[in-house]
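The residues making up each chain are set out below.
Protein chains: 2
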Amino acid sequence: MDKRPIGVFDSGLGGLTAVRELMRILPGEDIIYFGDTGRVPYGGRSRETIMKYAREDIAFLRSFDIKYVLAACGTVSTNGLGEIKAENNIPVRGVAGAAVRAAVRATRNNRIALIGTAASIRSGTYDRKILDLRPDCELYKKACPLFVPLVENGRIEKDDQVLRLVAEEYLAPLRDAGCDTMILGCTHYPIIADTIRDIMGEGVTLIDAGAAAAREMAEDLAETGSINTEGGEHRYFVSDSADGFRETAEMFLGSGLKGEVRRISISGE
Amino acid sequence: MDKRPIGVFDSGLGGLTAVRELMRILPGEDIIYFGDTGRVPYGGRSRETIMKYAREDIAFLRSFDIKYVLAACGTVSTNGLGEIKAENNIPVRGVAGAAVRAAVRATRNNRIALIGTAASIRSGTYDRKILDLRPDCELYKKACPLFVPLVENGRIEKDDQVLRLVAEEYLAPLRDAGCDTMILGCTHYPIIADTIRDIMGEGVTLIDAGAAAAREMAEDLAETGSINTEGGEHRYFVSDSADGFRETAEMFLGSGLKGEVRRISISGE
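One line per chain: the protein sequences are A and B, in this order.
Using my numbering, read the first sequence as starting at 9 and increasing by one per residue.
Using my numbering, read the second sequence as starting at 9 and increasing by one per residue.
Pulled out of the complex, with its shape left as it was, chain A reads as follows (with noise of 0.2 Å):
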């Protein structure tokens, strides 16, 4: 048993769609989250940029003594990781890896759609992971860079009419490709799956990236006899106001927020 807690991150509140699935298949371990709702989206910004604040975000989780980190982050997760696990001694995880992995396992007819940010799309790095697994899938992919701040904005009911026009924009031409399987490749999406599955069809289906991630996390603890059964205790770190986060992140975590939560300067001061 290890008993350090598993750091977890995303740009803003995203990322606890999948402290949520590991609160459900890990509840004994401790989680120190870190949302970096000050610099909040990531999915519009330069490959650069977001390396620079993943790295920032990590130095932050390892200012305590963990034992991996999860990028909860489909941005951070298809820009540059590589070259950040190389820098770490503890695992660093990213989402899409394992959400490639369960929508191969999940397609019959080999198409797969992905959503995701501009960053995340134009990063390739989905295609280049399917191709390696299995190069007889079809990837039909959309930048979604609207889905993020309409979900910042709490504008995520399935009766929301801009919501529903954007998504139609969106994944229309996904559903008529044939797809039987899409991938939420950023963790903000599957506080909006039932918009999605609405236009998709309910034969489709979803990859919950941060859930899948979780999901994966949990069997490499497993392997190494790490898994922590006598934690439970959370807490959360924001770079903005902590003020109106609980009920923000209660709509993430589909349940009561137990735990801390405080505000932390990331910016380097």
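Some hints could be false.
You can't tell identical chains apart in this list, so a pair holds if it fits in one copy or across any two.
[What the hints assert, rightly or not] Derived SDA-like pairs: lysine to any residue, alpha-carbon spacing no greater than 20 Å straight-line:
| # | residue 1 | residue 2 |
| --- | --- | --- |
| 1 | 11 | 74 |
| 2 | 166 | 119 |
| 3 | 149 | 161 |
| 4 | 60 | 251 |
| 5 | 60 | 250 |
| 6 | 60 | 10 |
| 7 | 149 | 135 |
| 8 | 60 | 270 |
| 9 | 166 | 177 |
| 10 | 75 | 99 |
| 11 | 150 | 162 |
| 12 | 11 | 72 |
| 13 | 60 | 272 |
| 14 | 75 | 233 |
| 15 | 150 | 170 |
| 16 | 137 | 230 |
These are computed hints drawn from the structure, not numbers from a lab.
Got chain A sorted already, so can you dock chain B onto it with the hints?
Okay, now just chain B, sitting in the frame of chain A:
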């Protein structure tokens, strides 16, 4: 004549709508522009974070020997700019005061509409400024948090269905209140003025806060004999990649961009 340059900053590129007016009325001034594209948008962040970022932005501009700072950001102008002015020994001007003066001059029925970011509306700055100047005016205000992401994603055409739907939702209550004057309290908004005018009706005067502030700055410089008529050099700095800056900047400037564009690091490294 004071040949030192004018410094202008914004969270992103919206402040270029103020630069556009400065270039028109003060063609001989040298201008240093900083757009904090690595941390845009500011409008959903806390007052404390907005002030921290504004102080860093001004410190960067003041690493040049400038004579005047234009905070061409509606969010900064309404969140703690008074304190920041007191910390600086050169003039620092926001956009709110000039916009209010232009609006009370323009209104005939004393009903003024204000649109801005969530932080601008929450601040109550406009309410206080209008009350000081014209207690008989009524202010009808509406936070428009999706306008900045829409503009930043290039959704600016009059026939863009998403922009139209969002604008109709935000603006209909202001139109129905019978306002005859509307303050565009965020420097991104002049880019979508055509859509706003379509919804509000031709009879409503739109006040471009950035342009109004640029004109008052020109008056200040004229009063003190500080107008430079011999320069005209413009330099642009951003905190994310400078790739693609030129194309986007030209949309805000309404003309070709002349001058150097460079990326700098803003967060206290």
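Going through the hints against the structure:
1. 11 <-> 74: within (9 Å within a copy, 55 Å between copies)
2. 166 <-> 119: Result: close neither inside a copy nor across copies, 26 Å intra and 36 Å inter.
3. 149 <-> 161: between (25 Å within a copy, 18 Å between copies)
4. 60 <-> 251: between (26 Å within a copy, 17 Å between copies)
5. 60 <-> 250: between (23 Å within a copy, 16 Å between copies)
6. 60 <-> 10: neither (29 Å within a copy, 39 Å between copies)
7. 149 <-> 135: within (9 Å within a copy, 46 Å between copies)
8. 60 <-> 270: between (22 Å within a copy, 18 Å between copies)
9. 166 <-> 177: This pair counts as both: shortest intra-copy Cα distance 15 Å, inter-copy 17 Å.
10. 75 <-> 99: within (7 Å within a copy, 51 Å between copies)
11. 150 <-> 162: Between. Shortest inter-copy distance 16 Å satisfies the 20 Å Cα cut-off; intra-copy 22 Å does not.
12. 11 <-> 72: Within one copy only: 12 Å inside, 51 Å across.
13. 60 <-> 272: both (17 Å within a copy, 13 Å between copies)
14. 75 <-> 233: Result: close within a single copy only, 12 Å intra versus 64 Å inter.
15. 150 <-> 170: both (18 Å within a copy, 17 Å between copies)
16. 137 <-> 230: neither (24 Å within a copy, 62 Å between copies)
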